[in-house]
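Engineer: Which chain is which? The protein sequence lines are A and B, in order. For the first sequence, our numbering begins at 1 and goes up steadily by one. For the second sequence, our numbering begins at 202 and goes up steadily by one.
Everything labelled a hint here was simulated from the structure, so no lab data went into it. This one's a predicted model, so the numbers in the text were calculated from it and none came from an experiment. Don't take every hint at face value.
As the list claims (entries may be wrong) - Taking lysine to any residue and the SDA-like style, the derived pairs with C-alpha atoms no more than 25 Å apart in a straight line are: (1) A:Lys24 / B:Ser270; (2) A:Lys24 / B:Ala220; (3) A:Lys183 / A:Thr139; (4) B:Lys209 / A:Pro150.
What the hints assert, rightly or not - Far from chain B, by Cβ distances over 10 Å, these chain A residues were calculated: (5) Asp31; (6) Thr33; (7) Asp36; (8) Gly95; (9) Glu169; (10) Thr171; (11) Asn173.
Idealized CB from N, CA, C, for every residue including glycine.
Here is what each chain is made of, one letter per residue.
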Amino acid sequence: MSSDHLRECAPVDLSDEDVMAAMKAMMGYIDITPGDFREVYQVAYALAHKRMMTALKAEDVMTTRVHAINADADLIATAELLAQHGISGAPVTDGDGRIIGVVSEKDFLRGMGADHSGSFMQVIAHCLKNKGCVAAPMTGRTAGDIMTAPAITAAPDISIGDVSALLMEKTINRLPIADADGKLAGIVTRSDLVNAFCMLG
Amino acid sequence: MSYFQKMKGRTQSPPRVGAVEIAWSWIGSFLGIAAVGLIHFNLLDSTALVMIIGSFGASAVLIYGAVRSPLAQPRNLIGGHVFSAVIGVTAFQLVGGQMWLASALAVSTAIAFMHLTKTLHPPGGATALIAVIGGDAVHQLGYLYVLVPAGLGAVVMLIIALLVNNIPQNRRYPEFW
């Protein structure tokens, strides 16, 4: 299902006219019909696509300077860190650096019990400091309290095709990459994937 | 796709080539056949040897008119003529009493063998057939037919193809050896 999903957005369809125009541009007599060319192209394209989707691994595209949040961090510090770096979520680690969850805007919103839409981390931090708004029930709690756990993580050698599929399937925006010991090695976000696909042309 | 649907075809003919391409096809084939013809009519005339056979006309279409075609590449040109000549002569010598059978065996076996050796060259089918139906002049050559005209003629045409097809900027030959 995953690769089907991705293939749908690939611009594979050549018309006979495209092929004819290309053949004309090549001047010499090309000993193949436009129909046969398209057949060869489609099969070859699918193979190249598959190869490219598996050629790049998470470790090639992930961000390694990850802003991890300690499970004990209070929510003010958490929200301020997210706001400061302009990110909407981050992995949560325990004392040994192992990934135990992910905290994101969604978790804050859930913790506030309100159906806030498009609220910014800065606003949340402000609310938390000023005990009186909807964020009030969250004061005194830690990142570990509100995070989504267990974290969905993957190994560094997962292909970017599989990462895309996982993000879609779990409706998440970032995938922490864990090394063999379960420690945080990096993170692949949707924008890392956009970059990766851009690199692949 | 149903059996009769297939007969309607599904795509279109490749585009017509430009005037320059046509001109170079004419020049190449003129020179190629001229070379083989000169040897045949001016050098070998007094001998029993033949140099020019009908299948070279077909080879000219490919190696001067469709130079990029896999069928027109040197291994196909040389291999196709030489292997088919051997098979044609053998077919005549084995079952020449039944000309229809020798003809059919020569051509079909030549095609299969060219496929097998990745030397498919359509004129090779004619070379195999001519070995059977070419009359006394050809029959008397025996296996010499493989070298002259088949092998030597193909080599002469190949040399002309290498010389002529690489003159124009947008032509090159061969694609592979």
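Engineer: Determine for every hint whether it applies to the structure shown.
Structural biologist: Status of each hint after checking the structure:
1. For the proposed pair Lys24 (chain A) and Ser270 (chain B), the alpha carbon gap of about 16 Å is at most 25 Å, so the pair holds.
2. Restraint check for Lys24 (chain A) and Ala220 (chain B): the C-alpha separation of about 12 Å stays at or below 25 Å, so the hint holds.
3. The straight-line distance between the Cα atoms of Lys183 (chain A) and Thr139 (chain A) is roughly 29 Å, outside the 25 Å bound, and the hint therefore fails.
4. The suggested pairing of Lys209 (chain B) with Pro150 (chain A) is violated, with an alpha-carbon distance near 60 Å, which exceeds 25 Å.
5. The Cβ of Asp31 (chain A) does not lie farther than 10 Å from every Cβ of chain B; its closest approach is about 4 Å, which violates its non-interface assignment.
6. Distance to chain B contradicts Thr33 (chain A) as a non-interface residue, since its nearest Cβ pair spans about 5 Å, not more than 10 Å.
7. With a least CB separation of 7 Å from chain B, Asp36 (chain A) falls inside the 10 Å interface cut-off, contrary to its annotation.
8. The Cβ of Gly95 (chain A) sits about 64 Å from the closest Cβ of chain B, beyond the 10 Å cut-off, so the non-interface label holds.
9. Consistency note on Glu169 (chain A): stated as away from chain B, and its beta-carbon is indeed over 10 Å from all of that chain's, at 37 Å minimum.
10. Every beta carbon of chain B lies more than 10 Å from that of Thr171 (chain A), the smallest distance being close to 41 Å; the non-interface claim holds.
11. In this structure Asn173 (chain A) is separated from chain B by more than 10 Å, as the shortest Cβ-Cβ distance comes to about 45 Å.
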